[in-house]
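Participant: As a plain string of letters, each chain reads:
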Amino acid sequence: MVNVNYFEIFGLEEKFSLELNTLTERYQTIQKSVHPDRFAHASNQEKLLAAKKSTLINDAYQTLKNPLSRAEYMLELRHVSLPNEQASFSDNAFLMRQMELREMLAEVKFADNVESAVFEASQVLEVEFEQHFKAMQVALIDNTEASNKQASELLRKLKFYQKLHVELDRLEDLLFDD
Amino acid sequence: MAYSEKVIDHYENPRNVGSFSKEDPQIATGMVGAPACGDVMKLQLKITEEGIIEDAKFKTYGCGSAIASSSLVTEWVKGKSIDEASGIKNTDIAEELALPPVKIHCSILAEDAIKAAIEDYRTKHGE
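Residue numbers (my numbering), protein chains in the order written: chain A, 1 to 178; chain B, 1001 to 1127.
For the record, the hints were derived by calculation from the structure and aren't laboratory data.
Ideal Cβ placement from N, Cα and C applies to all residues, glycine included.
Please note: incorrect hints may appear among the correct ones.
To be verified - Cross-link-like lysine to any residue pairs, in silico, SDA-like; alpha carbons within 20 Å at most:
id	chain 1	residue 1	chain 2	residue 2
1	B	K1057	A	E103
2	A	K65	A	Q137
3	B	K1115	A	D91
4	A	K109	B	K1059
5	B	K1089	A	S90
6	A	K53	A	A40
7	A	K159	B	C1063
8	B	K1046	B	K1078
9	B	K1115	A	M99
10	B	K1059	A	M104
As the list claims (entries may be wrong) - Calculated Cβ distances over 10 Å to all of chain B for the following chain A residues:
id	residue
11	M99
12	S122
13	F160
Given the sequences, and given the hints that come with them, work out the whole structure.
Facilitator: In structure tokens, the structure reads:
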């Protein structure tokens, strides 16, 4: 079971755009086939194998379900060396923009109309996320050495936007959940 | 995960938070980010003609350890020459703040911020 391709597990083509419904349906079907109840009377070895398979299927599903981890997985399959996650990122213009966006979120709670400020902030984040996301999608489809490298750069940037989304959600909880 | 007392102290009373004008030729700015956690750090150094760091300010959006690391660094670099400051290692920062292994990258980020600021200074001054 080493080196199984996550896409193959679910009988999917190795493509970035996939039908989430199909993925989820197939995941549920396969997961049922290895459910512990089905192995109640099986040998310990069979139980163990089923449990291992269940974990693998779960990992595969979680990885493919989220577009960013799916992109990361595809780049791994293409042997694109992803920069170390812990390594610092130093695209100045991009980081300046990130700083501005963080400041924008920090200002939201002082706005005259907090609700519309939150909405505007979410729009800004959405637009910028989409720009990077679409560019990454195109680069992944191209699948050349240069485009894959570009896709991995865009993926790193998208992770900053993912973080901003988390921050925005937290802000909303803070401001609107009494 | 429990933060060390020093991290909490820097987190609750961060030193030298803020910004200098980027137009000021004495100011060097270092920007770094960590994709893994989405942290963004800005470190600014005010450097004299003799190459001594007179003042430092930071702005960090990130976890407690990232804020503490940058706050500590602003204290450490003050009064140092550029060369001395570029000798600050992330391990020194991590040790001082007793950072757990999962937070070591915060100290790396702070070290990289110093390097980025110094590089900015050297670029500005054509060195």
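Participant: Does each hint hold? Answer for all of them.
Facilitator: Okay, the hints, checked on the actual structure:
With a CA separation close to 16 Å, the supplied pair B/K1057 and A/E103 stays within the 20 Å bound. As the CA atoms of A/K65 and A/Q137 are separated by approximately 15 Å, the hinted pair is consistent with the 20 Å bound. Among the hinted pairs, B/K1115 with A/D91 is consistent with the structure: their alpha-carbon atoms are about 14 Å apart, no more than 20 Å. At roughly 19 Å between alpha-carbon atoms, A/K109 and B/K1059 fall within 20 Å of each other, so this suggested pair holds.
Distance restraint check for B/K1089 and A/S90: the Cα-Cα separation of roughly 18 Å lies within the 20 Å cut-off, and the hinted pair is therefore satisfied. Between A/K53 and A/A40 the alpha-carbon distance is near 16 Å, which keeps this suggested pair within the 20 Å criterion. Of the supplied pair hints, the one linking A/K159 and B/C1063 holds, its CA atoms being roughly 16 Å apart against a limit of 20 Å. Annotation: proposed proximity of B/K1046 to B/K1078 holds, straight-line Cα distance about 9 Å (limit 20 Å).
Between B/K1115 and A/M99 the CA atoms are separated by roughly 19 Å; this keeps the pair inside 20 Å, and the hint holds. Proximity of B/K1059 to A/M104 is assessed by CA-CA distance (about 14 Å); at most 20 Å being required, the pair is judged to hold. Once the 10 Å rule is applied to beta carbons, A/M99 is inconsistent with being away from chain B; the minimum gap is 6 Å. Chain B leaves A/S122 outside its interface by the beta-carbon criterion, the shortest separation being 17 Å against a cut-off of 10 Å.
Not every Cβ of chain B is farther than 10 Å from the Cβ of A/F160; the closest lies at roughly 5 Å, contradicting the non-interface assignment.
Checked against the numbered hints listed earlier, the structure breaks hints 11 and 13; every other hint is satisfied.
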